[in-house]
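S.K.: We have chain A already, so just place chain B on it with the hints.
Listed in order, the protein sequences are those of chains A and B. The numbering used here puts the first residue of the first sequence at -17, with every later residue one more than the last. The numbering used here puts the first residue of the second sequence at -17, with every later residue one more than the last.
Some hints here could point you the wrong way.
It does not matter which identical chain is meant; a pair holds if it fits inside one copy or across any two.
Said to hold, decoys possible - SDA-like cross-link-like pairs, simulated, lysine to any residue; straight-line CA separation at most 20 Å: (1) K274 to S288; (2) K192 to D217; (3) K181 to M165; (4) K93 to D340; (5) K274 to V201; (6) K93 to S120.
Just so you know, the hints here were simulated from the structure itself, not pulled from any lab data.
2 protein chains.
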Amino acid sequence: MTSSYRPLMGTPIDDLDTPCLVVDMDNLDHNMSVMADYYENRNTKLRGHGKNHKTPAIALRQINRGGTVEGVCSAKVSEAEVMVHGGINNVMITSEIVAQLKIDRLCNLAKQAEIIVACDNLDNARNISRSAVSHGVSIGIVVELETGLERCGVQDIESGVELVKAISGLPAIQFKGIMSHQMMSEVSSNKEDRILEGKRLIQPMIDLRKAIESEGVEVEIVSTGETWSYDVAGDIEGVTEIQGGTYLLMETAYDYMSDFQFAASVLTTVISTPRIGMAVGDAGTRCVGAIKGVPLVYQRPDITVSGMDADHCIFDTSNVPLSVGDRLRLIPGQQDAMISRWDTIVGIRDQKVEIVWDILARGTHS
Amino acid sequence: MTSSYRPLMGTPIDDLDTPCLVVDMDNLDHNMSVMADYYENRNTKLRGHGKNHKTPAIALRQINRGGTVEGVCSAKVSEAEVMVHGGINNVMITSEIVAQLKIDRLCNLAKQAEIIVACDNLDNARNISRSAVSHGVSIGIVVELETGLERCGVQDIESGVELVKAISGLPAIQFKGIMSHQMMSEVSSNKEDRILEGKRLIQPMIDLRKAIESEGVEVEIVSTGETWSYDVAGDIEGVTEIQGGTYLLMETAYDYMSDFQFAASVLTTVISTPRIGMAVGDAGTRCVGAIKGVPLVYQRPDITVSGMDADHCIFDTSNVPLSVGDRLRLIPGQQDAMISRWDTIVGIRDQKVEIVWDILARGTHS
Chain A
-17 MTSSYRPLMG TPIDDLDTPC LVVDMDNLDH NMSVMADYYE NRNTKLRGHG
33 KNHKTPAIAL RQINRGGTVE GVCSAKVSEA EVMVHGGINN VMITSEIVAQ
83 LKIDRLCNLA KQAEIIVACD NLDNARNISR SAVSHGVSIG IVVELETGLE
133 RCGVQDIESG VELVKAISGL PAIQFKGIMS HQMMSEVSSN KEDRILEGKR
183 LIQPMIDLRK AIESEGVEVE IVSTGETWSY DVAGDIEGVT EIQGGTYLLM
233 ETAYDYMSDF QFAASVLTTV ISTPRIGMAV GDAGTRCVGA IKGVPLVYQR
283 PDITVSGMDA DHCIFDTSNV PLSVGDRLRL IPGQQDAMIS RWDTIVGIRD
333 QKVEIVWDIL ARGTHS
Chain B
-17 MTSSYRPLMG TPIDDLDTPC LVVDMDNLDH NMSVMADYYE NRNTKLRGHG
33 KNHKTPAIAL RQINRGGTVE GVCSAKVSEA EVMVHGGINN VMITSEIVAQ
83 LKIDRLCNLA KQAEIIVACD NLDNARNISR SAVSHGVSIG IVVELETGLE
133 RCGVQDIESG VELVKAISGL PAIQFKGIMS HQMMSEVSSN KEDRILEGKR
183 LIQPMIDLRK AIESEGVEVE IVSTGETWSY DVAGDIEGVT EIQGGTYLLM
233 ETAYDYMSDF QFAASVLTTV ISTPRIGMAV GDAGTRCVGA IKGVPLVYQR
283 PDITVSGMDA DHCIFDTSNV PLSVGDRLRL IPGQQDAMIS RWDTIVGIRD
333 QKVEIVWDIL ARGTHS
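Only chain A is shown next, with the shape it has when bound in the complex:
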């Protein structure tokens, strides 16, 4: 049995069962267009991040819209499997893949599509090489450089060059290039600040590229930049692609990126108004999340969320009363942790259901 909710096409938004994950199709298309228009005539291209929507159909929609490398990133091997199954021919896995079980799955996947994987460790690269030889495939590797996220990656240019030189000689491995992620140290909506910060954080990637090339090794891919720096990285010479995911559905933590519009939200119904100044909604952390704070109420600046538990949200209605049965839309603080809690995305245009997408890579944690 399945418990997925699947409204019929054309259902008015007011008739949807709640909570329901809905996407405003005009806003989604707008967000896709911003990226496509920006990258269309640049050497740098977008590589959309599949982890943010977990839906091959949405990845293909962006690829068809233009300005991309005609491939995606995936956070996980299982997610990459779903993307390839869904018709994507080129996947970069942005995490280190170390378990033998998973390396074997990578090799299987490389029989279906071009597979590139992040690496920061020579033993790991050797294991991938050995497995790729025995499977008769070739795996692309990008060396990850740590550029301020304080997560995986080699820690400096020298270590990067050393790893690249060692990797380049391995059989059944194609050294493709380098990769990094960045987070702003202090979030700023000011574009000049973003440019300065983006350039500062990405500069080590340009230095690493040069250092590798000075050893006579070709660097095809320099994959770096995020939603917040898409228009910074896209203008830095030497960057070949940027990874962006949040821009598509958006979240409150990125609300300073005013180029993009909030597309995904959770529709909720008020189920109780126990006392003045307060109302209770039927959507909680289980389906919206509260990792980056409580959600925003879409297009209702007069109402705030004051608290959440697993299955309920509490509205502060001091400024405006709500009634039992009223419906509101919640914009999450972080949407990529929200999407995989759902089975379907209900796309709305002109107040009616235009499309229902299966979130095919939902639950691909491994």
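M.R.: Same frame as chain A, now just chain B:
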């Protein structure tokens, strides 16, 4: 296609793909036994909360173990549907159900099993009555009293009595009794503190029961108490059942409830050790959650989680080094928001897979 991970029975825990939601079967059975043994010979019984495991097979396992009302709670109508489909004959829905679409589903469900629903509003009760008449069914109602959780429910005894009197006359409605939830105002592991706090918060329920009975209305159900007060509410005369869910799989936020053992955890693999004092694991908030803080590393007090993002956790390994490929288990701060991010629970005994449960009510947000 499905992306669910389903290891074969007998697979050694060391061979499981990660991240993987595993349950220690000895600890699960221990937690079930604590409740069953406590309630076996009392008038008060346990009504297990399905929202914490979303798995009818686990609910039935606890019912078979004993000491229960032979029914469960559900947070949502869609969750109740899965529980009834899975063989549970008696479900109390612990939220107000107000949308007509959902009331109709309640009525359909009442043709399959005994259905009881929380209510704090007369208009809502009238709508349920009208729908139940037209569907030819009877729906049980428990009036919710607000006892410190600051969520739904009538706010005082007088309002409660008034609502009960109005409800009792409605056709196709069976007034069953009253319900409440509580949270400790200051968390204490000291049993005497728990008893004092539990009694203080539950006393209004006893007062409401008496006030209703003094109006000549019978109160069959007084459903109140939680995992933290299971042994307090169970000794209060007039309480007929307690709702407990967290006790089964457990979480760090309830670690002061030392009667219970941590049963559920997410198995993770170290994928990178980029520098001294730090390691990166392959499980993040997307599959573990961090709503009540970062997870605990099970049986490894020498290692702490210092940070999490959607798909990674960062270990502080200042005290002990970790290597790429090492495997650890993460105990979440709040497990009920974790469970529904997974499709299956992998039960482990003697280091091998004993059972794989489908989380059939996963994703039942509505």
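S.K.: Going back to the hint list, which numbers does this structure go against?
M.R.: 4, 5
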